[in-house]
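Asker: Take the sequences, apply the hints, and build the full model.
Chains as they are written, first to last, in the numbering used here: chain A, 1 to 292; chain B, 1 to 318; chain C, 1 to 508.
Keep in mind that the hints were calculated from the coordinates and are not lab data.
Mixed in with the good hints there might be a few duds.
What the hints assert, rightly or not - Here are the computed distance ranges between Cβ atoms for each label pair:
no.	chain 1	residue 1	chain 2	residue 2	range
1	B	Phe-252	C	Asp-459	16 to 24 Å
2	C	Asp-459	B	Glu-253	19 to 27 Å
3	B	Thr-130	A	Ile-185	27 to 35 Å
4	B	Ile-304	A	Trp-53	52 to 60 Å
5	B	Thr-120	A	Ser-172	31 to 39 Å
6	C	Ala-488	B	Arg-92	19 to 27 Å
7	C	Asp-422	B	Phe-106	54 to 62 Å
8	B	Arg-92	C	Lys-194	40 to 48 Å
Model, not experiment: these values are computed from the prediction.
Beta carbons: idealized from backbone N, C-alpha and C, even for Gly.
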Amino acid sequence: MVGNKGIGSRFYDGANYLFLSVVALLTFVPFYYVIVASLSPLQQVLSDPIILWPKQLDFKAYHLILTTASFVRSLYFTIFITVIGTFVNMLLTTTLAYSLSKKRFRGRRLILMLIVFSMMFSGGIIPTYLVVKGLSMINTFWALIIPGAISAFNLIVLKNFFVGIPESLEESARIDGCSNIGTFIKIVLPLSLPALASFTLFYAVGNWNQFFAPILYENNSRFWTVQVVLRQLVILGDTTGYGTVTDDSTKAVFPETLKYAAIIVSTLPILLVYPFIQKYFVQGVLLGSVKE
Amino acid sequence: MNYQSMQTPLNQNAVRRRTKKGIAAVFQDWDLYLLAIPGILYFLIFKYLPMWGILVSFQNFSPFLGFWKSEWVGFQHFAELFAYDHFWELMRNTILISLYQLFFFFPVPIILALMLHEVTRPFFKRLVQTVIYLPHFISWVVIASITFVMLSGGGVVNHVIEAMGGSSVNFLSSPQIFRTLIVSQDIWKEAGWGTIIYLAALAGIDPQIYEAAVVDGANRWKRMWHITLPSIRSTIIILFLLRLGHILDVGFEQIFLMLNSLVRGVGDVFETFVYQKGLIEGQVSFSTAVGLFKSVISLIIVGIANWIVKKAGEEGIY
Amino acid sequence: MKKVRLAAVMTASVMLAGMIAGCSSKSATSTESPGGSMPATSASQTPMDLNVMFYTSANIQISHDSNEAIKFLEKKFNVHYNVMDVPLNDYTTKQNTIVASGSMPDVMVWNAFPDAALSQYIKQGAFAQLDKYLDSAPNLKKYPQDIWNNVKVDGHYYIIPRVRPITRTAIEIRKDWLDKLGLPIPKTMDDFAKVAIAFAQKDPDGNGKADTYGIATDKNLGNLNPVFAAFGAGNGWLKQADGTLVKDSTTSGANQTLQWLRDLYAQGALSKDFPVQQGNARKEIQSGKAGMMVESYIIDYAQDLAALKKVDPKAELMYIDPPVGPTGIAGNFAGTGNAAGWVIPTTTKPEKIKKILEIMNWEASDEGYHFNKAGLDGIHNTKNADGTYTTNDKYIQDDIKELIMVSPYDPYSYVDSGAPADVQKVQRDALDKVRDKGIANPVPAFISPTAVQKNGDLDKLRLDNFIKIVTGQLPASAFDEYVSKWKAGGGEQISKETNEFFKSQGGK
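Answerer: What follows is the structure in structure tokens.
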């Protein structure tokens, strides 16, 4: 990042760093609470409002989650869904967004209007269910991938990014005889890496956090995703008079610590993936490499 | 010097001269249309095929009888909605919370992104980015719990206030504070995550433009004003338009959790109203009618806004 | 403009296609078989395919192939048992969607009764009438007549109840706090008030901080019914001397209750933050903040105690009798005796209905109950020297408790069989004490048509007014205003309809 290093600039820098540090701190403090609470003994979580540090490192909540067979199974399944799902998401979204970013696409305006319309007007749960059923996707893993394949929001924003790529770059390729698809793959996609990285992240997180579709479209627990399992675990201790008798009340369900541990567990995988996406946010490098 | 022009696309006319008219144009670009087919099919099948569901708002829809056999009641549900004696309250609450979010929440990710963009040390930048993304993953249930621990009458903040000699503040039961509370929670949870899109847009700025500007003697502020901001202008506009499309959708789960008898007057919105009715009635039709009502209003607003945007020469959402 | 017309035509045709598609899926009568392997059919009759749908609150993913309990049931009844286990959370949406889908399971749990949607579906012919099938299920008929009466719809049986003790709550109180403050066990409303205030003001947990209070409730003003009952408000509806019914929330008893609560709140005996509370009343007891839970589900006792002991190892919880009101009334609320139940869609073939009832009948027998509580001897449990059985891990893994559809009526079913013996005794004794003494709703299974429309709003009206009266935001006299608003907002009509129904049932 170029810039002169005069006094004004340094002051600007300093203020910037300070402000961002404050923001980061404010943001992190409650999350810190979540981490610490998930590791504290139940007694401490129930009685003390703020916890600076666990009185004792208590891994029971994590132990309960990680040793629940259904959790482990759902982990594998959710990874599977996330990988395939995100791939399908990106494939469909980028292709449509690119085509719609070209002004010469006949019917472009109409299609975009219809897409925007569909963002605001939706048939609802039951009609969509009937379509999914009609396509024989009920009780298959496809129901967790196809019905949500394209997010109109992501599509429109991505289209916008594609529009911002100078036509001149594509022109040079077309003059050399490259087809539309070729231009798309060889020129446009590499130039859009930051945007593609963002949407991949959005879709991946969305797929990872799915919990309603598995309940609605699947009829059997083998399709439970991580979120479904975690919510089940937390529910166990939160209900009153549901007639659920536990088999070992000394292992008394502790929904408080469980709630917090559940968040950490479901966040961790994304945090692990994120660094790989980070590097695509480096500014300008790739644009410069594809000069006209 | 207009730095924007350094990135303006070539004159469209030059491009058009090489294309043919009419149906021949489609054949020339056949592979472009091929690319679009899967996506278009998706929308047709999963968004338009089920759209008959909207008509359900004119029926007393019974899931068992299905669409063809359910009784038609015309505008009865809408009449019921408008006749509800707290209808205007719901409307006002929904609009106010939406406007608060538009004015206070919307700019925050942009500002944060701009600030992050100015950071040169990669480690600091990455650290801050990761941290501000974290709240996005925390569920509203937990956020509501934490808010309660912090702001309840016997909570942390009030302890501190009382220790300093003040009297405790009713953060959670005060109608005056409710909207601010909701938007603050939202900012805390989602503003960080919202910077991602803007950072992606900022990453696409050619560093050579900045270099040229420095050579011309532009300082930090001038560079931000003349280069950075205009580069993300279209992204901001698009996101703004998209947000307008959901102007009447204020997060159900969050409000439901924070709602209580003492703030219901300012906090009850369409979704919470429908939820309460739906629990007892079990009927799909009423909630669909309310949804339709909201959608029509959103459509009008987006339509107007998009028109304005295009008149100003920008790329709209359609 | 041609484009807009084109768009309109396109949209309309796609929608039409959708509607037609949505329509034709209705005709499917075959039931789906969601995976699972078909066992070898060596018997002369092929095993009958049964799709059983229910909600699960456990975290076991019931797997068909390694489940011994399922294998046993399949062999015994010659069926192929397909389990459709759905998470508890969104079951309501799921059950309504399944009704719309056109392919319903053979038997499914309906998670609420009475339920407006269910009544509607029954009227529309979605679920089978089970009267004649019940004749060959003697064990099911053994359920208390009250419970069967409570699940009748239009005089017939469509739902097989999952029976529970009719009265299942009691007053839970911190015995150690009573002892520490030298207080006797409270009996009258005044006693309870004194104790509640003392719990708040006299530091019963001895930690020098004013962090305790008397009675736990939440932002829905829940778990307080015995107080309303003691002041004579009734359960749902109060039968008056002249035989008419009056809505409980509009009685003078309710008014008195609110004054009593208001008084307590002003003195700190209720949590200052209860109107904005996140979390339920149970948490307040478990965290050692509240001294009493006036309506605690006896089944929760074991867990409450275990959690509480983690916070305060010296804590003692006990159950006591409900408070006696100024006119001598005392009691816990009596429920309908069911946790909703099973319905059978009309798409299920008669021989399958017979089979389902055969299975249920067995499950309601002693032998079936043993299977429910202990599984298969030697596989799911080990027999102890004293003749009792201890269940093992396989029992939990096979999730037999949820696999079982029904159980015999067992007033002790709310005893936590995984708890230590002394804890179980407390639960057993409490269940004994409250049995048959509950205050019942005179019309438990009735939802009036106007109620279907208006209950949402009326409930909000009630809650908001009640809470504001208790916290002092509204003056005590606001109660009368509430009553007139209630009547004007549909309550008058509901009252009429309910009274008509009540008379038609004999007015008892």
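Asker: Among all the numbered hints in the text so far, which are the ones the structure does not match?
Answerer: Those not satisfied: there are none.
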